[in-house]
Amino acid sequence: MSADRALRDPLDDLSREQVEAALAACQGRPGPLLQVLHEVQNRLGYVPPAAIPLIAEVLNLSRADVHGVVTFYHHFRQAPIGRHVIQLCQAEACRSMHCEKLTEHAQRKLGVELHGTTPDGRYTLEPVYCLGNCACSPAVMIDGELHGRVTPDSFDALIAPLS
Amino acid sequence: MNIKVYVPRDATALSLGAERVATAIDREARRRGLRVQLVRNGSRGLFWLEPLIEVATAEGRHAYGPVTVQDIPSLFDAGFLDGKPHPLHLGLTEEIKELKSQQRLTFARVGIIDPVSVDDYVAHGGYAGLKRALAMSPAEIVDAVTQSGLRGRGGAAFPTGIKWKTVLDQPPQQKYVTCNADEGDSGTFADRMLMEGDPLMLIEGMTIAGIAVGAMQGYIYLRAEYPHAHRALNEAIASARAAGYLGSNILGSGKQFELEVRLGAGAYICGEETSMLESLEGKRGEVRVRPPLPAIKGLFGRPTIVNNVISLASVPVILAKGADFYKDFGTGKSRGTIPLQLAGNIKHGGLFERAFGLTLRELIYDYGVGAASGREIRAVQVGGPLGAYIPASQFDTAIDYEALSAIGALLGHGGVVVFDDTVDMAGMARYAMEFCAKESCGKCTPCRIGSTRGVELMDRVLANVDRERNLQLVEELCDTLLHGSLCGLGGMTPFPVQSALKYFPEDFRKTVQ
Numbered sequence: 421m422s423a424d425r426a427l428r429d430p431l432d433d434l435s436r437e438q439v440e441a442a443l444a445a446c447q448g449r450p451g452p453l454l455q456v457l458h459e460v461q462n463r464l465g466y467v468p469p470a471a472i473p474l475i476a477e478v479l480n481l482s483r484a485d486v487h488g489v490v491t492f493y494h495h496f497r498q499a500p501i502g503r504h505v506i507q508l509c510q511a512e513a514c515r516s517m518h519c520e521k522l523t524e525h526a527q528r529k530l531g532v533e534l535h536g537t538t539p540d541g542r543y544t545l546e547p548v549y550c551l552g553n554c555a556c557s558p559a560v561m562i563d564g565e566l567h568g569r570v571t572p573d574s575f576d577a578l579i580a581p582l583s
Numbered sequence: 004m005n006i007k008v009y010v011p012r013d014a015t016a017l018s019l020g021a022e023r024v025a026t027a028i029d030r031e032a033r034r035r036g037l038r039v040q041l042v043r044n045g046s047r048g049l050f051w052l053e054p055l056i057e058v059a060t061a062e063g064r065h066a067y068g069p070v071t072v073q074d075i076p077s078l079f080d081a082g083f084l085d086g087k088p089h090p091l092h093l094g095l096t097e098e099i100k101e102l103k104s105q106q107r108l109t110f111a112r113v114g115i116i117d118p119v120s121v122d123d124y125v126a127h128g129g130y131a132g133l134k135r136a137l138a139m140s141p142a143e144i145v146d147a148v149t150q151s152g153l154r155g156r157g158g159a160a161f162p163t164g165i166k167w168k169t170v171l172d173q174p175p176q177q178k179y180v181t182c183n184a185d186e187g188d189s190g191t192f193a194d195r196m197l198m199e200g201d202p203l204m205l206i207e208g209m210t211i212a213g214i215a216v217g218a219m220q221g222y223i224y225l226r227a228e229y230p231h232a233h234r235a236l237n238e239a240i241a242s243a244r245a246a247g248y249l250g251s252n253i254l255g256s257g258k259q260f261e262l263e264v265r266l267g268a269g270a271y272i273c274g275e276e277t278s279m280l281e282s283l284e285g286k287r288g289e290v291r292v293r294p295p296l297p298a299i300k301g302l303f304g305r306p307t308i309v310n311n312v313i314s315l316a317s318v319p320v321i322l323a324k325g326a327d328f329y330k331d332f333g334t335g336k337s338r339g340t341i342p343l344q345l346a347g348n349i350k351h352g353g354l355f356e357r358a359f360g361l362t363l364r365e366l367i368y369d370y371g372v373g374a375a376s377g378r379e380i381r382a383v384q385v386g387g388p389l390g391a392y393i394p395a396s397q398f399d400t401a402i403d404y405e406a407l408s409a410i411g412a413l414l415g416h417g418g419v420v421v422f423d424d425t426v427d428m429a430g431m432a433r434y435a436m437e438f439c440a441k442e443s444c445g446k447c448t449p450c451r452i453g454s455t456r457g458v459e460l461m462d463r464v465l466a467n468v469d470r471e472r473n474l475q476l477v478e479e480l481c482d483t484l485l486h487g488s489l490c491g492l493g494g495m496t497p498f499p500v501q502s503a504l505k506y507f508p509e510d511f512r513k514t515v516q
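Chains as they are written, first to last, in my numbering: chain X, 421 to 583; chain P, 4 to 516.
Just so you know, nobody snuck in bad clues.
In the DSS-like style, the derived pairs of lysine-lysine whose C-alpha atoms are separated by at most 25 Å in a straight line are:
{"#": "1", "chain 1": "P", "residue 1": "87", "chain 2": "P", "residue 2": "103"}
{"#": "2", "chain 1": "P", "residue 1": "300", "chain 2": "P", "residue 2": "168"}
{"#": "3", "chain 1": "X", "residue 1": "521", "chain 2": "P", "residue 2": "513"}
{"#": "4", "chain 1": "P", "residue 1": "168", "chain 2": "P", "residue 2": "330"}
{"#": "5", "chain 1": "X", "residue 1": "521", "chain 2": "P", "residue 2": "441"}
{"#": "6", "chain 1": "P", "residue 1": "350", "chain 2": "P", "residue 2": "103"}
{"#": "7", "chain 1": "P", "residue 1": "324", "chain 2": "P", "residue 2": "336"}
{"#": "8", "chain 1": "P", "residue 1": "134", "chain 2": "P", "residue 2": "324"}
{"#": "9", "chain 1": "X", "residue 1": "521", "chain 2": "P", "residue 2": "350"}
Where chain X lies over chain P, by a calculated footprint (3+ residues, C-beta under 8 Å):
{"#": "10", "region": "216-230"}
{"#": "11", "region": "414-426"}
Hints in this document: simulated from the structure, not taken from any laboratory. Don't be surprised by glycine CBs; every beta carbon is placed ideally from N, CA and C.
Start from the sequences, fold in the hints, and give me the full structure.
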């Protein structure tokens, strides 16, 4: 889905419910916007642009404020993601163990560039800057699970069981 | 009686299969009708031995590693539950050379206790510092921290006690203690290991800080990339609250302190303290202009302590054993210990806590045993993406704030990333600019625009387009970033670039294929 299209799409009832639940979960906390966005993304996999007016209204912020925060942070996504999120570390320690080669392999294997999602909606490939596993580089995180000393072969073995 | 078997819940151990090992031990014990109690501890930090499992015996804890699921039946057959020999047997854990030679003050309990058990924590000396602090005046607590010589372990090395005193000296009002757990530097994982392996020590340190300066609310700003630490912290906070160590009446003293973990969202800049405060307030992580200092106008405009995880976790031992005890470790103006993190292309990577003063060579070769690739080590980067590259000719430099500063480098958060002789230093210099461009908050022009121009210049250098002139421009650009940036991101990005240019000029002048 293109960003323009997503902006025009209204929030469906199910998503609206989830956004409202996310807002309710953070009620009464000072400066809650980041926590709200985390809650929304945990529930929906991304922060739909159409949710921004609702979030802004409830938190008494401008839509520009909310949009500004969503777009500032690498973690927040504005489009739906694949069923599995694969994060490849690109930082120095992983570079010392040639993570660029692993990244090339992953892109070729999955047929998708970094930041992209495969057409079948199965995988989203993302760069990440340090997973704190720097003594066991290169590091990869798949659906929140961390892996160390990943080689092209072990990468293939890790993604094989994912449906 | 149940036999205690320790299998780490540390993220690195898990990344090497610790969860599968724990499950396999449990299954095998049941199959054999043996009663085993699994304890999920932190990691000892010897990552080449992970997953490292331990068994409690009458003579102490025996270690085995690195263990895979396939090793489990043979470990049972060999009698590992009684500490019997096996090809993976490492002897008594405390006698492992790389562990025994450390001076663990901050990491004293990491890998030993159940990280979320208050009972285990107290049984190993935990909360002794808080109990001492509750009997002291705020000024006495701050004085102890000042006297210990503790300097900010996040990277800036500012004296912790002076920060605290500034907050204490503000008139009574809502004040905050914030912990910077946005450990974004590549090559560092000390904060993560501590939060996963001994989170109560951080909680105790923050509670002491709150009591010292009159703050009743604390926030831990944790990076989103650390889900395991997030779980451990939340479990530990709940345990501490249930046991009366957090809340409205700490240990019946009438003192109040509450703690909340807030997640960042993948922005390196939020490790800069004012940007972190903006982010904690739910805003874009844009750097604030100083003054006012956060200690005077910090979170929500109130006086705020901003300290790194390791700084705060060093406080309990200072209070429990006294400022002099802590101060006796270290050298010159670098007092106490530093958890060094050895990473990248290294055989024996991990965390080694030592008094300041160890040399880089001792760290890389005595602990690290050389490059993982078996090749020659060409350079190390100390202090994260904004730290200088140090060539092999300077490996005899001592690891302390002043000695590294004297060679134009910095210690930062204590991470050392090793590169072998296949590294392309021009490529690493380009990467430094690229990283700055990606992570710049955009508030000041030198960083926002300079970093992008830096990438373009480096691309021309690499393509041998008007090379010498463009290298000259890189130098001038570095000068602008160094002197014109608002914070350390733009202000320090030149360090890796300039050091690469200075020590590895040949990499910038290769023939284009």
